[in-house]
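Enquirer: Protein sequences appear in the order of chains A and B. Residues in the first sequence are numbered consecutively from 1, following the working numbering. Residues in the second sequence are numbered consecutively from 1, following the working numbering.
Just so you know, not all the hints are guaranteed correct.
Just some of the chain A residues that point at chain B, by a computed CB distance under 8 Å [said to hold, decoys possible]:
id : residue
1  : L41
2  : V44
3  : E45
4  : V56
Now the in silico label distances, taken between C-beta atoms and shown as ranges [said to hold, decoys possible]:
id : chain 1 : residue 1 : chain 2 : residue 2 : range
5  : B       : D57       : A       : A79       : 48 to 58 Å
6  : B       : A248      : A       : V33       : 35 to 45 Å
7  : B       : V219      : A       : R78       : 42 to 52 Å
8  : B       : D192      : A       : N16       : 30 to 40 Å
9  : A       : G20       : B       : V209      : 45 to 55 Å
10 : B       : P11       : A       : A23       : 46 to 56 Å
11 : A       : N16       : B       : R25       : 40 to 50 Å
Cross-link-like lysine to any residue pairs, in silico, SDA-like; alpha carbons within 20 Å at most [claimed, not checked]:
id : chain 1 : residue 1 : chain 2 : residue 2
12 : B       : K50       : B       : S30
13 : B       : K277      : A       : A19
14 : A       : K53       : A       : D34
15 : A       : K53       : B       : S30
16 : B       : K240      : A       : A49
Keep in mind that the hints were calculated from the coordinates and are not lab data. The C-beta atom is built at its ideal place from N, Cα and C for all residues, glycine as well.
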Amino acid sequence: MATTEEIRADLADIVNEVAGVDADDVQLDKSFVDDLDVDSLSMVEVVVAAEEKFGVTIPDDEVKNLKTVGDAVAYIERAQG
Amino acid sequence: MAPIGAGAGAPHSRIMGVGAYRPSRIVPNSEVVDAIDSSDEWIQQRSGIKQRRFATDEETIQMMSVASSRIAIERAGITPDQIDCVLVATVSHLLQTPAIAPAIATELGTEHAAAFDISAACAGFCHGVALGSDMVRGGSARHVLVIGVERLSDITDMTDRGTAFIFADGAGAVVIGPSQTPGIGPVVWGSDGEQYDLIRQREDWRDVVGSDDSPGSGVMPHLTMQGNPVFRWASFTMAKVALEALDAAGVTAADLDVFVPHQANMRIIDAMARSMKLPEHVRIARDVAEQGNTSAASVPLALDRMIEEGDARSGDTALLIAFGAGLAYAAQVVTVP
């Protein structure tokens, strides 16, 4: 089972690849939109890449609730259950 | 039972010529931002669109179709009387019936060519290429003219932040004819009616008109689109379809010279290319920056620009894919004429 930090680090790599954000900036308390400048289309790309990486499903309706990196990591942890 | 003659088609088919018509009025982002409380920067960041073209009153569906077709026919090295079928892909010919294709076929000077419209929205042109190719090989037609044409400005709500900056007008055409070697690969196509409402005309014409008891709005039923789900479907599901079309044609991404996806949005084009892991050498159509999203016209317009600018050369292997409302999609590998 991946730890929270492992999921965060993998997610940071995805955000870096999709949106060009420095992976070190992708910390749990950061807001995708306000802090990392990841817009809604980039967020869709991040979500699809995360689904493949972590073997989870993140429906469109759920994406709007993932405001911070911590929200996304927590969702992935729950979904991996 | 009398034996029925089978007819005879060509061994293979190919695209013989491409033509385009770009409407005269250039509309920069600055002209559309006020009505949607937006900015040039936001539109470019969101879509890669810098400008689009809107047709004038004179630049009708028929006029733009005929203009692009004449170029395609000339480049194909044939005359209009050699065309046996005219297929027109469009969603913005605003007469329910008849189709616009017969009027175009007659104005071009075909000799009573079969002519009808295809309703597959943004995917319509690649549907037409598939149908045209099969007609040539099946013997239903020796030469088929396939046109993608739109005046989306007529059916766009210029106050809708989701679509006002995207949709545009134009026409593109190709002639498909017989070939000794395969010039059009097998189509990979399909639909997904579970997502019927993602991109659609907002309301039924009967609701627009209304009744004595409940009058309708009387307002043109514009196109609506749910951007993020469409982005997800287009960028990822369609990338898989594009790769399937390569497989069906027996070529690999490394063999590809040119990729001409439907010009929906630069962000979709970029995400598709990333998802498909296209090699660096593959040249990708990016006509959307100058032309906006012209639905059924976008693939032939983009291909035409690449040929004009030397990015697609005769004999190049090109992957075409178009996708949109329905949802509907079609993709095939072709040889650039």
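Enquirer: Hint by hint, say whether it matches the structure.
Expert: Hints and how they fare:
{"no.": "1", "hint": "L41", "verdict": "5 Å, holds"}
{"no.": "2", "hint": "V44", "verdict": "5 Å, holds"}
{"no.": "3", "hint": "E45", "verdict": "6 Å, holds"}
{"no.": "4", "hint": "V56", "verdict": "15 Å, violated"}
{"no.": "5", "hint": "B:D57 - A:A79: 48 to 58 Å", "verdict": "54 Å, holds"}
{"no.": "6", "hint": "B:A248 - A:V33: 35 to 45 Å", "verdict": "40 Å, holds"}
{"no.": "7", "hint": "B:V219 - A:R78: 42 to 52 Å", "verdict": "45 Å, holds"}
{"no.": "8", "hint": "B:D192 - A:N16: 30 to 40 Å", "verdict": "32 Å, holds"}
{"no.": "9", "hint": "A:G20 - B:V209: 45 to 55 Å", "verdict": "50 Å, holds"}
{"no.": "10", "hint": "B:P11 - A:A23: 46 to 56 Å", "verdict": "54 Å, holds"}
{"no.": "11", "hint": "A:N16 - B:R25: 40 to 50 Å", "verdict": "42 Å, holds"}
{"no.": "12", "hint": "B:K50 - B:S30", "verdict": "9 Å, holds"}
{"no.": "13", "hint": "B:K277 - A:A19", "verdict": "17 Å, holds"}
{"no.": "14", "hint": "A:K53 - A:D34", "verdict": "25 Å, violated"}
{"no.": "15", "hint": "A:K53 - B:S30", "verdict": "41 Å, violated"}
{"no.": "16", "hint": "B:K240 - A:A49", "verdict": "14 Å, holds"}
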